[in-house]
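Add chains P, U and F to chain G, keeping to what the hints say.
Chain residues, written in single-letter form:
There are 4 protein chains.
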Amino acid sequence: MKKLLVAFSACLALLSFNTKQKKQRVVFFGDSITEAGVKPTGFITKLSGMLQQKGNANNYELLGAGIGGNKVYDLYLRMEDDVLAKSPDIVVIWVGVNDVWHKRTYGTGTDADKFEKFYNAIIKKLQAKQIKVFICTPAAIGEKTDFSNELDGDLNKYASIIRNIAKNNNCPLIDLRKMTLDYNLKNNPENKDRGILTTDGVHLNETGNNAVADIMYSTIFK
Amino acid sequence: MKKLLVAFSACLALLSFNTKQKKQRVVFFGDSITEAGVKPTGFITKLSGMLQQKGNANNYELLGAGIGGNKVYDLYLRMEDDVLAKSPDIVVIWVGVNDVWHKRTYGTGTDADKFEKFYNAIIKKLQAKQIKVFICTPAAIGEKTDFSNELDGDLNKYASIIRNIAKNNNCPLIDLRKMTLDYNLKNNPENKDRGILTTDGVHLNETGNNAVADIMYSTIFK
Amino acid sequence: MKKLLVAFSACLALLSFNTKQKKQRVVFFGDSITEAGVKPTGFITKLSGMLQQKGNANNYELLGAGIGGNKVYDLYLRMEDDVLAKSPDIVVIWVGVNDVWHKRTYGTGTDADKFEKFYNAIIKKLQAKQIKVFICTPAAIGEKTDFSNELDGDLNKYASIIRNIAKNNNCPLIDLRKMTLDYNLKNNPENKDRGILTTDGVHLNETGNNAVADIMYSTIFK
Amino acid sequence: MKKLLVAFSACLALLSFNTKQKKQRVVFFGDSITEAGVKPTGFITKLSGMLQQKGNANNYELLGAGIGGNKVYDLYLRMEDDVLAKSPDIVVIWVGVNDVWHKRTYGTGTDADKFEKFYNAIIKKLQAKQIKVFICTPAAIGEKTDFSNELDGDLNKYASIIRNIAKNNNCPLIDLRKMTLDYNLKNNPENKDRGILTTDGVHLNETGNNAVADIMYSTIFK
Numbered sequence: 045m046k047k048l049l050v051a052f053s054a055c056l057a058l059l060s061f062n063t064k065q066k067k068q069r070v071v072f073f074g075d076s077i078t079e080a081g082v083k084p085t086g087f088i089t090k091l092s093g094m095l096q097q098k099g100n101a102n103n104y105e106l107l108g109a110g111i112g113g114n115k116v117y118d119l120y121l122r123m124e125d126d127v128l129a130k131s132p133d134i135v136v137i138w139v140g141v142n143d144v145w146h147k148r149t150y151g152t153g154t155d156a157d158k159f160e161k162f163y164n165a166i167i168k169k170l171q172a173k174q175i176k177v178f179i180c181t182p183a184a185i186g187e188k189t190d191f192s193n194e195l196d197g198d199l200n201k202y203a204s205i206i207r208n209i210a211k212n213n214n215c216p217l218i219d220l221r222k223m224t225l226d227y228n229l230k231n232n233p234e235n236k237d238r239g240i241l242t243t244d245g246v247h248l249n250e251t252g253n254n255a256v257a258d259i260m261y262s263t264i265f266k
Numbered sequence: 045m046k047k048l049l050v051a052f053s054a055c056l057a058l059l060s061f062n063t064k065q066k067k068q069r070v071v072f073f074g075d076s077i078t079e080a081g082v083k084p085t086g087f088i089t090k091l092s093g094m095l096q097q098k099g100n101a102n103n104y105e106l107l108g109a110g111i112g113g114n115k116v117y118d119l120y121l122r123m124e125d126d127v128l129a130k131s132p133d134i135v136v137i138w139v140g141v142n143d144v145w146h147k148r149t150y151g152t153g154t155d156a157d158k159f160e161k162f163y164n165a166i167i168k169k170l171q172a173k174q175i176k177v178f179i180c181t182p183a184a185i186g187e188k189t190d191f192s193n194e195l196d197g198d199l200n201k202y203a204s205i206i207r208n209i210a211k212n213n214n215c216p217l218i219d220l221r222k223m224t225l226d227y228n229l230k231n232n233p234e235n236k237d238r239g240i241l242t243t244d245g246v247h248l249n250e251t252g253n254n255a256v257a258d259i260m261y262s263t264i265f266k
Numbered sequence: 045m046k047k048l049l050v051a052f053s054a055c056l057a058l059l060s061f062n063t064k065q066k067k068q069r070v071v072f073f074g075d076s077i078t079e080a081g082v083k084p085t086g087f088i089t090k091l092s093g094m095l096q097q098k099g100n101a102n103n104y105e106l107l108g109a110g111i112g113g114n115k116v117y118d119l120y121l122r123m124e125d126d127v128l129a130k131s132p133d134i135v136v137i138w139v140g141v142n143d144v145w146h147k148r149t150y151g152t153g154t155d156a157d158k159f160e161k162f163y164n165a166i167i168k169k170l171q172a173k174q175i176k177v178f179i180c181t182p183a184a185i186g187e188k189t190d191f192s193n194e195l196d197g198d199l200n201k202y203a204s205i206i207r208n209i210a211k212n213n214n215c216p217l218i219d220l221r222k223m224t225l226d227y228n229l230k231n232n233p234e235n236k237d238r239g240i241l242t243t244d245g246v247h248l249n250e251t252g253n254n255a256v257a258d259i260m261y262s263t264i265f266k
Numbered sequence: 045m046k047k048l049l050v051a052f053s054a055c056l057a058l059l060s061f062n063t064k065q066k067k068q069r070v071v072f073f074g075d076s077i078t079e080a081g082v083k084p085t086g087f088i089t090k091l092s093g094m095l096q097q098k099g100n101a102n103n104y105e106l107l108g109a110g111i112g113g114n115k116v117y118d119l120y121l122r123m124e125d126d127v128l129a130k131s132p133d134i135v136v137i138w139v140g141v142n143d144v145w146h147k148r149t150y151g152t153g154t155d156a157d158k159f160e161k162f163y164n165a166i167i168k169k170l171q172a173k174q175i176k177v178f179i180c181t182p183a184a185i186g187e188k189t190d191f192s193n194e195l196d197g198d199l200n201k202y203a204s205i206i207r208n209i210a211k212n213n214n215c216p217l218i219d220l221r222k223m224t225l226d227y228n229l230k231n232n233p234e235n236k237d238r239g240i241l242t243t244d245g246v247h248l249n250e251t252g253n254n255a256v257a258d259i260m261y262s263t264i265f266k
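Residue numbers (my numbering), protein chains in the order written: chain G, 45 to 266; chain P, 45 to 266; chain U, 45 to 266; chain F, 45 to 266.
Chain G extracted, bound-state conformation (with noise of 0.2 Å):
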């Protein structure tokens, strides 16, 4: 008997070895905004640090899977060699900037209903993988409070085809939009088009990261 009991300890205890040794693979797919998201300032890196902070860092791996540019149709061309090939536990989408911006800049955004397809195919193939998915809606292009950047009308709505298709697919939404409306009513009262929680108007400065790091966190990592 006891032998069988030391035997049964002996278990357990690789298996709360194994366990630690399971960390969470969680990649965060997506942009310029994403691709700058690990460097030194960057959300990413916020939240490895605050995963440290909260003795949570041997639970979980962050990384960076984001290309300048990146529209939808992007990252699903990608998302073999650039996600799937990495074995996520975890995926962070964060795209639609791009499909909006490059309809004004170069003629090649991408259409609302094609967005949503190849959307819904990325979502599907992690899915089908076991692999937990979290979307984000498309930040800003301005910052704007009084509904006048130029791109706000389309961008809204494709932040609202992304809720439809978090609804949808069953995937927790991070309404980085939403989040930064909210934070620009409440801080940016001068109208400025700029330097709120952005350098440019849709990449983050450190307030930007710190607060995408902080609902990031709320939700990922709760």
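Hints are supplied without guarantee of correctness; some may be wrong.
No copy labels: a pair is met if it fits in one copy or bridges any two.
[Claimed, not checked] In silico DSSO-like links for lysine-lysine, alpha-carbon gap of 27 Å or less:
hint : residue 1 : residue 2
1    : Lys161    : Lys130
2    : Lys158    : Lys90
3    : Lys236    : Lys67
4    : Lys236    : Lys161
5    : Lys211    : Lys236
6    : Lys222    : Lys67
7    : Lys230    : Lys67
8    : Lys173    : Lys230
9    : Lys158    : Lys236
10   : Lys161    : Lys211
No lab work stands behind these hints, which were simulated from the structure alone.
This is chains P, U and F only, laid out in the frame that chain G set:
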């Protein structure tokens, strides 16, 4: 006493003759929305009806000068022939939808700063001839109320530019953008993109023509 | 000897029965131009007629799989349902006009490098199933011969990309762009922008359908 | 003696008065390409050097009036201040690249028919003041020789419009588009998109500035 009465009658006759002569000529200067304003159910036709109803018909003559697809610089290019040649007392300018819309449809919208320059140039030329100028903000490209009409941001920007032009040039403003947004917030609970004040998101339906006629009457003819 | 003859006849009968069964299925995969190809005067209908005339009708079955407005990634998204599900032996891809055109009309054309990636991905999937793939360059957006059709430069660029894709993937090329330019140089002395091979600069008229059927017949069924 | 001296002085004064008066003022009116023309290696600076070399320097004064990003209606809006205020004898207009290019980059290119209207309006105003007007076709947006520069079709269209404007207004034409195409066909065997006459497909390099100076000299100062 008789002589006095005769003299008085003569004065009255003269006066009425004079006032007949002094009919104020109002030219509505704009794009396809204004072009449709002179149709049987258009807002200009409705304004004529309202003037008649209120016994004001002898004081004003209303003329339409709208051409489909016009942007601010089209107005500039044809203002001599289509407006000044008619010697108006009042000009109501309603332009801006195509300056925004054509960015997306033809790649030939109007830069915001040039929009302002041409608009100011038109007003200066009119005011130099002692013409009273009323200016309107563009009403809508899409009637959704959740700020997701594709071009809302840019349209709001141009509306905001026009509000400043009004202030700087001392022109009474007819804020059709604000009127449309307010009306839709109250009357478009299903967030439809057309069918409330417009047939297609841009051009006025019956309700829209009435709403525009009302706000214009109270501003121009009060 | 008699027995041998009988056996031989039986073999022949069996053979002819088998070849009847082995009708090659050809799917035409593309946009509105291909969609119209199955109409009574369309190029696919004409190809069927030509096969019949030449006693070739029993060997091929032609199916249209064109949808208006399709770009390369639309083909990619629907290839399982609309092409692979039909188990074709041959697929003829004709796409590219909207990838260029939608840049101007909707701001949602396709980046040149993504165009190539999706095109390659489609071909790989088809070839992996031993399907023979023919690919076409886009014919025209405007038929002017003085190189002043608005989108000529970009269309030539995408045609050039497709020529390279053909080489790299060992796909027979049907160079409709070259055919159209050559035909117009000979037959469009007045530099018209439509009416030579197309009704509107893009979609085939009777002459255009004949010309396309001719070049396709000689490439696919020779 | 005194008389002689006085007469001589009078002669000198007259001479200096005459030559001072007879220097023809040439204003180069255009966009960033013209703006760069007054730099040490720019084509306007080169033209001044050529005039000096040929002993022609006392007859002409060359002034640059180029501003980056200008389209035809920008020229129109600033022609009073930047051209007429300088009382030129000759104006060389070189515009069109941005009218085409901004369609793609900002959605604010110039409609072809409005391009023609503003161009004609500029010429009429200049000619009304007895100013001699030379006009140029836009040289290039990309130097590829296989007709696959993205905007070639549209650029050729606007070049063609300018050739007609020259005819209709009796303005000598400096056909920089033709010169550039011819030069590239001879000197760009590798089908490069830049580096032959331009640094970036649009703005002149040293060879480009020389080529433009040569063709301008022979047209304007012959």
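Tested hints:
{"no.": "1", "hint": "Lys161 - Lys130", "in the structure": "both (24 Å within a copy, 22 Å between copies)"}
{"no.": "2", "hint": "Lys158 - Lys90", "in the structure": "neither (33 Å within a copy, 33 Å between copies)"}
{"no.": "3", "hint": "Lys236 - Lys67", "in the structure": "neither (42 Å within a copy, 48 Å between copies)"}
{"no.": "4", "hint": "Lys236 - Lys161", "in the structure": "between (35 Å within a copy, 23 Å between copies)"}
{"no.": "5", "hint": "Lys211 - Lys236", "in the structure": "between (33 Å within a copy, 21 Å between copies)"}
{"no.": "6", "hint": "Lys222 - Lys67", "in the structure": "neither (31 Å within a copy, 54 Å between copies)"}
{"no.": "7", "hint": "Lys230 - Lys67", "in the structure": "neither (38 Å within a copy, 52 Å between copies)"}
{"no.": "8", "hint": "Lys173 - Lys230", "in the structure": "neither (41 Å within a copy, 47 Å between copies)"}
{"no.": "9", "hint": "Lys158 - Lys236", "in the structure": "between (33 Å within a copy, 22 Å between copies)"}
{"no.": "10", "hint": "Lys161 - Lys211", "in the structure": "within (15 Å within a copy, 31 Å between copies)"}
In this structure, the earlier hints numbered 2, 3, 6, 7, 8 are contradicted, and the remaining ones agree with it.
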